[in-house]
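4 protein chains.
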Amino acid sequence: MNEGLDLEGRIRWGMVGGGQGAFIGAVHRMAARLDDRYLLVAGAPSSNSERARASGAQLRLDPERVYTDYRTMARVEAQRPDGIEVVSIVAPNHLHYDVACAFLDAGIHVVCDKPLTRTLAEADALVTRTRASGQLFGVTYPYSGYPLVRHARDLVRSGQLGEIRVVQAEYAQDWLADAVEETSHKQAAWRTDPAQAGEGGCVADIGTHAFHLLGFVTGMNVDQLSAELTRFVPGRRVDDDAQVRLRFANGARGMLWASQVAPGCQNGLMLRVFGTEGSLTFQQEKPDELWLTPLRGAPQRLTRGGLGLSPAALRATRLPAGHPEGFVEAFGQLYRDMADQVEARRHGRLPDPMSLLLPDVVDGANGMQFVDAALRSSREDGAWVEMDGTRWR
Amino acid sequence: MNEGLDLEGRIRWGMVGGGQGAFIGAVHRMAARLDDRYLLVAGAPSSNSERARASGAQLRLDPERVYTDYRTMARVEAQRPDGIEVVSIVAPNHLHYDVACAFLDAGIHVVCDKPLTRTLAEADALVTRTRASGQLFGVTYPYSGYPLVRHARDLVRSGQLGEIRVVQAEYAQDWLADAVEETSHKQAAWRTDPAQAGEGGCVADIGTHAFHLLGFVTGMNVDQLSAELTRFVPGRRVDDDAQVRLRFANGARGMLWASQVAPGCQNGLMLRVFGTEGSLTFQQEKPDELWLTPLRGAPQRLTRGGLGLSPAALRATRLPAGHPEGFVEAFGQLYRDMADQVEARRHGRLPDPMSLLLPDVVDGANGMQFVDAALRSSREDGAWVEMDGTRWR
Amino acid sequence: MNEGLDLEGRIRWGMVGGGQGAFIGAVHRMAARLDDRYLLVAGAPSSNSERARASGAQLRLDPERVYTDYRTMARVEAQRPDGIEVVSIVAPNHLHYDVACAFLDAGIHVVCDKPLTRTLAEADALVTRTRASGQLFGVTYPYSGYPLVRHARDLVRSGQLGEIRVVQAEYAQDWLADAVEETSHKQAAWRTDPAQAGEGGCVADIGTHAFHLLGFVTGMNVDQLSAELTRFVPGRRVDDDAQVRLRFANGARGMLWASQVAPGCQNGLMLRVFGTEGSLTFQQEKPDELWLTPLRGAPQRLTRGGLGLSPAALRATRLPAGHPEGFVEAFGQLYRDMADQVEARRHGRLPDPMSLLLPDVVDGANGMQFVDAALRSSREDGAWVEMDGTRWR
Amino acid sequence: MNEGLDLEGRIRWGMVGGGQGAFIGAVHRMAARLDDRYLLVAGAPSSNSERARASGAQLRLDPERVYTDYRTMARVEAQRPDGIEVVSIVAPNHLHYDVACAFLDAGIHVVCDKPLTRTLAEADALVTRTRASGQLFGVTYPYSGYPLVRHARDLVRSGQLGEIRVVQAEYAQDWLADAVEETSHKQAAWRTDPAQAGEGGCVADIGTHAFHLLGFVTGMNVDQLSAELTRFVPGRRVDDDAQVRLRFANGARGMLWASQVAPGCQNGLMLRVFGTEGSLTFQQEKPDELWLTPLRGAPQRLTRGGLGLSPAALRATRLPAGHPEGFVEAFGQLYRDMADQVEARRHGRLPDPMSLLLPDVVDGANGMQFVDAALRSSREDGAWVEMDGTRWR
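As they're listed, the protein sequences go chains A, B, C and D. Counting from 1, position 166 in the first sequence corresponds to residue 166 in the numbering used here; the numbering is continuous, with no gaps. Counting from 1, position 13 in the second sequence corresponds to residue 13 in the numbering used here; the numbering is continuous, with no gaps. Counting from 1, position 175 in the third sequence corresponds to residue 175 in the numbering used here; the numbering is continuous, with no gaps. Counting from 1, position 140 in the fourth sequence corresponds to residue 140 in the numbering used here; the numbering is continuous, with no gaps.
No lab work stands behind these hints, which were simulated from the structure alone. Quick caveat: nothing in here was measured; it's all calculated off a predicted structure. Hints may be right or wrong, so weigh each one.
Derived Cβ-Cβ restraints for the label pairs, each shown as a range [as the list claims (entries may be wrong)]:
(1) C/Q160 - B/D82: 52 to 62 Å
(2) D/D124 - C/L356: 51 to 61 Å
(3) D/D124 - C/A249: 39 to 49 Å
(4) A/A78 - D/G348: 38 to 48 Å
(5) A/E50 - D/D36: 18 to 28 Å
(6) C/A54 - B/D98: 42 to 52 Å
(7) A/A57 - D/R237: 48 to 58 Å
Glycine included, every Cβ here is placed at the ideal spot set by N, Cα and C.
Produce the complete structure using the sequences and hints provided.
Take a look at the structure:
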């Protein structure tokens, strides 16, 4: 048992959800282990006690700290002298709000999957609650952890692309091209169930990633959007394709396409940003390269680990150029950022400013604002719907 | 002089526009020469007699058949026993309608650049006029001449992609990212002048190519569109970016992006078609490859000249696989199609059905319907505007 | 008939070989037509009079100028006032020497396919004969006609790569992976018949292209080579795979791989050059791009038609960037070069120095030196064999 | 301190080398942590006690188990009831043999970096010693841990490529294009020092990776090789470029190029295998894709996580398709394989046969045979040198 374990300065960490067979919980754990700054010591992997026990054993948790109820977990851990400092929420969307509140109220920092909540109202409330709690709140938009995404952000900020005019974002997958939710596909089942996933389907599940990415890189606010959400697969209860046009505050225009019915697309998140002086292109499936093209110049293939990258990119780089890094490493960067912030708190100092690139509760809430606006616009036949980029500022 | 020339069965051919320094006229001529089925014997390269003479000499035309006025050319050539059988119109858009009418009325077949006319009304009239004349009318949407585009069309028709759900088309360039029309850039000047180019800028100049391509490949009609046209470059008089959403008759959805202010994009025409059973991707800058991905299968890279291509693709193929063909060859395919049709007429037989893939006046007019609808939608803040795919049927 | 034809300054041109069904003859004709500077007026398409007549008719040749014997053709054409000025030899390799001599002796310029001859001895003799004749002699290594190959050459010469250390060339195909020569595959039959093709198979047929390309771009002489030639397909009479190591005069090292039994390779000619200051990569199947990477810098994708290219590249460019050019256009560049040289002769002036990039008889002979050395080395188990880069200087 | 730590079934693990600033030690640790099956409890990070202490603290090791001498470490750990079960050797090459022997003799399993030893004689001795010890011995050729490399191996074995004819391997880098070893570049300094790295430079450092990869995938033995090793950078004491030709037992032919002076190449390991029925291509920098081309068929882009992959590939896959995995994950697969073998030993059962894909001491020794043969051949001007693929069978 872990009872006697001296954590040697590692962050005491718990997880809600992520039991056996869950995809994203395992990713969180690999990501957190990469740098050896966390130790998983508690969890609520399932509300079913049998399954919770089995998952806990597999994760080598002390049975005493394997819970079937997140409220109990929050309360008990908060009282233990060796209780968790951070909890990661990897349960289905409809649970995010309640679980997060329970831990925030217990004085425990939160890492939460996206989409942040099931509704925009919940998101609003969660921003308020987080602020009141004074706790840290990270949202796992993992694509913002790629070194070259951070470099892209710095390129835009440094003015290398000039004034941004056009933003093209897309995120295409094909795993929902059939009615797989009617088979025993657990992932598909909850992600297409409005009661668990929220009213938005594809637009929330992956559209929010594309939306966050374009804001993260450009730093620009969307003022208005016009959306067309479609349910292509017969019987599906949520959208599986989203086509959105964006108007930015500075006059730039953008398109965002998210689809889960696009054969041949696996995890095709791509961002292209065009400015008066140049452009950049990032494709998630090739995360170690970033294309930068100056106006009237030759396209340059920048690579992670190459020379001339920004401090934020270097900080997020683990391996020399040509040694591929991937999704787990990007995810791991978010856990590093959180660890930096947690440790700064422990020692009463300011965190590394670059650790603040970690998406926070406002970024998560803004994703819900996007989903909400897209749903409303689509219902109104694509009418332009206002967004307020400063809603929580 | 060419007086005594026995054409040996070649098609007697003339050109309006395309004098010294013109880009597209030279392309038409290379394309027509590839297969040696045309002989250029007359032209109206310029309304300026000095420039006309110089261009005529460069083209080795009989000075007698170098005209400064297309009306005279049409009349005189129609009367000569060795008069031209086909005229190609490569003058700015605002002249297309009048020039075409002059030659149609004179009993001469027409090949005309896109966009077909300056307005939809002209396009309507030209369809009527063409039908009344009984002459052939080809429109040079050259991208439909690529062998793999024709194969893509056959793939869709054969049902290999299943029912089409999503169509993504884009055509991005960067040559108008600055106000080059204010310099001595002749191409830029007339293409951004509403009086010469028509009210549509980018949407007409290249949007029509993307629109034709998606219709050519999918065979599907657009029922409604919603467009956002933008003028990014200060002082520009026409749109230089067009973002369009499409609704197809069968319920499919599409996005079309055309831009001339996208640094790093040279001639980035791309089409992606997603169906229930698979998808295809074609990129104009890599015209010798076509990606076909069956649902749940591995992407296949089909190549021009490879095995298993359709008869229409084979017919349009000149070289073995791995020996690149390009834009001139695709353009040349349209001239081949026209030659097949002209020769069939000569001999009173039906043309090769595959030669009818040559875009015709209705395809050209449909492009103008697209431009007109996009302009109207954009003026109305992106309202959905109806299109009638059967308008000229 | 063409009798009365005034050629209007076009070059009077003939062809030996290239009758119906021949691949490369048709390429020569398309290439020569592109710029309208040649007119095909005579030919010896076949020694069979029936086939010659049919081919002649298809090519719209005056029957009087359709020959079944190249010697007659050379003699008669030399005597006609309107006789051909240039002949292109597209017959199988074993005929190159005799045909070339006949036309050179008749005072007619020659364009000849590669490999130049069947043996090195013939190549030696042909250099001598060409020099004695005073006629022009072009060899169609078409890959040297690509604009970006010419730019690559200028990059090396300008020192942008520093001192060259390593050269990697390869040319892989798969069309001879089976014993297709035993079927009715005409191309395969003669190319694998030592009596017609020469003793070298793959090494001569495509190895010479790779060898020429690396010399053309680097300007460096190979001093020694070590080769392993293999016949993989049972029953084949010539090598179908060649693996060669190269030592250059300046101490650089290189590898050259040519294969016709490499499934998945269509026409995979690639050249990579690595120097102390940078590298370049060119792939024939993507001829509109050239990769340039400065040491410690980001790879740049240079494109044909882009800014900053050398005069030699610009001169060879027909279309704006993004409008693909291909093999016929590269081939056409060689015909342009020859036309420039012929016209300079006509007018008694020096040709455009850039037209001298056209590979000449010495380049052709050097290819035979390469074949000869590779055959000898391979016979001696890969022993180093000397080459003399200045043999004909 | 870790004293009270109950390892909960994790493998007790130590490391020799890999102190602060070392690249590969950190990779081993991330790789081992990914699956949480190891716990690092002892180390000899440096022979300098100050540096050892600092590194030990950073690694959170019990100071008692931070050693400055690997012999002491082996002896002490072997005696502790909670002593390490596995040691990883990440010190420079010249130490591998002695360190490995010390731990093998102490009854501790070994994971060792490549090249296995400094000389072939040492490699021979190490094979013998390992066998005598009965301990497990893994060699970290990490590229064999990529799922698609394992799939490639299964493709060859299943006969999908037919009989293999040609193998093309290359591994090109540019980090030694300058004399960086003369600066304070620690990695460069020892890798170019024959006393530490062995007599082979590039051929040993990265050539062995390419050599192992080609054998791993094809399962074929090299019978003879002919090599040209070059020192391009003035003052360098070992080769920085290796050009090798290979003859395989079945008559196949191959080329292997390894270079560390190739600008623009970061970690360019590539393998291409051509058989009578098809080919495959793998590029290490894009490890999530594998190209498979059947003869006369279209190239297929297989992706990690896609359908239809072999059990060995699936077993090595952590994430769904489109979520990039990289070098750490491949490396982690070797640690998984070792963990499977160690745990099977613990429980007295046979290991998962797929865990035996972990390269072992014979694979390591065979790499040294390759280095030795290449050095000898190069000294003899490229003479063919025999290799014995069954030397240790």
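Notebook entry, point to check: So which of the earlier hints does this model not fit?
Noted result: Violated hints: none; all satisfied.
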